[in-house]
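Peer 1: Modelling step: build the complete structure from the supplied sequences, incorporating the hints.
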Amino acid sequence: MTAQPMTAQPTKDESDLAIGGVTRASCGDCVDREQGGTEEPLRRRLIIVTALAVPVLVLSMVPLLQFTYWQWISLALTGPAVVWGAWPLHHAAWTDLRHGVCTRDTLASVGTLAALGGSVVALLFGSAGVSGMTYPFRLVGERTDAGRALYLGVAAALTAFGLAGRYLEARSQGRGGVAAARMADRVAGVLLPVVIALAVATLGFWWGTGAGVATAFGAAVAVLIIGCPCALGLATPAALLKGTGRGAQLGVLIKGFEVLESAKSIDIVVLDKTGMLTTGRMVVHRVVEARAVTSGVGAGGLGAGRLGAGGVG
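Sequential numbering from 0 applies to the sequence shown in numbering that gives the first Met the number 0.
Keep in mind that a hint or two might mislead.
[To be verified] Per label pair, the in silico range of CB-to-CB distance:
no. : residue 1 : residue 2 : range
1   : Gly246    : Pro135    : 43 to 51 Å
2   : Gly207    : Arg42     : 44 to 52 Å
3   : Ala262    : Gly188    : 32 to 40 Å
4   : Val199    : Phe66     : 31 to 39 Å
5   : Arg285    : Ala262    : 22 to 30 Å
6   : Phe124    : Ala262    : 48 to 56 Å
7   : Gly211    : Ala262    : 46 to 54 Å
8   : Pro135    : Pro192    : 32 to 40 Å
9   : Trp206    : Lys241    : 20 to 28 Å
10  : Gly203    : Gly116    : 16 to 24 Å
11  : Leu63     : Ala210    : 26 to 34 Å
12  : Phe124    : Val61     : 21 to 29 Å
To be clear, the hints were calculated from the coordinates, so they are not data collected in a lab.
We put the CB at the ideal spot given by N, CA and C, even for glycine.
Peer 2: Pasting the structure below:
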């Protein structure tokens, strides 16, 4: 009698549950990145946020269009864009923080909320909310502008850029969006602690030099806004899409974006010669005539041909 070992095969639901748990633990925002839904819901959210952000940007940059209490209208438009429009970013950032992970969603969420919060403080406790206030467009700010500094246009624009990056990822096929997210998140994971440390140091420096709380807070918010990795959210998936498209034009078919990510560790390349190193067609390039060939027929049949001294060269 022989005993047969028993093996338990997990069901499909159990396998999916295990894979989902590992994915959530190792890549906190890869799962939550789908929180905004599929491509079409992200597209609708992006269109709505863009429609809210454009008027705010125009009012913030064109003083001639700044009517009475325009700043409060801008706040009414920016609030839904940052709170509702950037909700996928905030949700993913909260999930990342619970897992102890810093990604570009964390930076985007911190940047948009800091810009909105700084503007609300300036409107409620500064001079930015008074009637008839105009905000001229300057390339270089002044220290006296701290109590009336508004970042509403920046908050709305950051939200639109963040959603645009999400939308580009959703358009990626297969696991391409996850690969693009990992490439950007590795950079953001290092950038976030540096940005927060610089913001705290900026706050302490300006406050310690006697510039006042409003000026110090405004400078710290500016550091957080500048550190928002909007370029990572847009440039990474866009570059990967362009790279795979160019490769297809040259006859190089790339299975997915994760292939490009892992290509840096390739040390051996194996090619099938037919159709890869050759054209797959037999072609005669040269014919050499044998000048002296003698043949003999043995008992077993046709003998082997023997080349003379002037055989094939």
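Peer 1: It remains to establish, for every hint, whether it holds in the given structure.
Peer 2: Tested hints:
1. Range check, Gly246 to Pro135: Cβ separation about 48 Å, and the 43 to 51 Å hint holds.
2. Separated by about 47 Å at the C-beta atoms, Gly207 and Arg42 satisfy the suggested range of 44 to 52 Å.
3. Taking the beta carbon of each, Ala262 and Gly188 are about 22 Å apart, not inside 32 to 40 Å as hinted.
4. Roughly 38 Å separates the CB atoms of Val199 and Phe66, a value that falls within the hinted 31 to 39 Å.
5. About 40 Å separates the C-beta atoms of Arg285 and Ala262, a value inconsistent with the hinted range of 22 to 30 Å.
6. Taking the beta carbon of each, Phe124 and Ala262 are about 53 Å apart, inside 48 to 56 Å as hinted.
7. Distance hint for Gly211 and Ala262: a CB-CB separation of about 52 Å, consistent with the stated range 46 to 54 Å.
8. The beta-carbon spacing between Pro135 and Pro192, approximately 35 Å, falls within the hinted interval of 32 to 40 Å.
9. Distance hint for Trp206 and Lys241: a CB-CB separation of about 45 Å, inconsistent with the stated range 20 to 28 Å.
10. Our hint of 16 to 24 Å for Gly203 and Gly116 holds, since their Cβ atoms are close to 19 Å apart.
11. A C-beta distance of roughly 31 Å is found between Leu63 and Ala210, which places it inside the suggested range of 26 to 34 Å.
12. For the pair Phe124 and Val61, the supplied restraint of 21 to 29 Å holds, since their beta-carbon distance comes to about 26 Å.
In this structure, the earlier hints numbered 3, 5, 9 are contradicted, and the remaining ones agree with it.
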